[in-house]
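Trainee: Sequence:
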Amino acid sequence: MASEGAKGEQPPPLQTLLTAGHGSVETKCELNMDNLSKPELLTLLSIMEGELEARDLVIEALRARRKEVFLQEHYGHFSMTDPFLALQRDFESVAGHKEHRAVSASPITVLEAVMAHCRKMQERMSAQLAAAEGRQKRVRLYVCFKCRIITTCNR
Numbered sequence: 001m002a003s004e005g006a007k008g009e010q011p012p013p014l015q016t017l018l019t020a021g022h023g024s025v026e027t028k029c030e031l032n033m034d035n036l037s038k039p040e041l042l043t044l045l046s047i048m049e050g051e052l053e054a055r056d057l058v059i060e061a062l063r064a065r066r067k068e069v070f071l072q073e074h075y076g077h078f079s080m081t082d083p084f085l086a087l088q089r090d091f092e093s094v095a096g097h098k099e100h101r102a103v104s105a106s107p108i109t110v111l112e113a114v115m116a117h118c119r120k121m122q123e124r125m126s127a128q129l130a131a132a133e134g135r136q137k138r139v140r141l142y143v144c145f146k147c148r149i150i151t152t153c154n155r
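Each residue of the sequence shown is one higher than the one before, counting from 1 in full-length UniProt numbering.
Wrong hints could be hidden among the right ones.
With beta-carbon atoms standing in for the labels, derived distance ranges [claimed, not checked]:
no., residue 1, residue 2, range
1, Leu-111, Ala-131, 28 to 38 Å
2, Glu-53, Met-33, 19 to 29 Å
3, Leu-62, Leu-111, 41 to 51 Å
If you're looking for bench data, these hints aren't it; they were derived computationally from the structure. Even for Gly, the Cβ is constructed at its ideal location relative to N, Cα and C.
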């Protein structure tokens, strides 16, 4: 090693500890673990704490990536910002049976259903209006018959 002198001197324990923490698998720590000084213990503790933090960061990153992959696989063909598509997604996940017809298959089918409902309501209202006009006409004729003025009565 570069820190070792030409005479084969041992590096100070702190450097040996750092080399053991960051070196390759072939590097051997020649410290007596039973007789470590306070600075050596603190250095070892800081190395272990760094390793734990790095492990936690890797675990967090893997969980986030797994969550993203799950969401993309499960909800990939849906937009996560559109509430209509969210309702459609929920309907598809709950009603797995083919006997249930999707109430909201697409925006066009919903609009067609609304238009059909409006047409039906327009027909009903037209029928009610025609019936009301017929009743009004009969009432006018009755009132005008009592007055004996059939053609000029505007009451």
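Trainee: Indicate, hint by hint, whether the structure satisfies it.
Mentor: Status of the hints after comparison with the structure:
1. Roughly 30 Å separates the CB atoms of Leu-111 and Ala-131, a value that falls within the hinted 28 to 38 Å.
2. Distance hint check: the CB atoms of Glu-53 and Met-33 are about 22 Å apart, consistent with the given range 19 to 29 Å.
3. Between Leu-62 and Leu-111, the C-beta spacing of about 44 Å keeps the proposed range 41 to 51 Å intact.
Taken one by one, the earlier hints all hold for this structure without exception.
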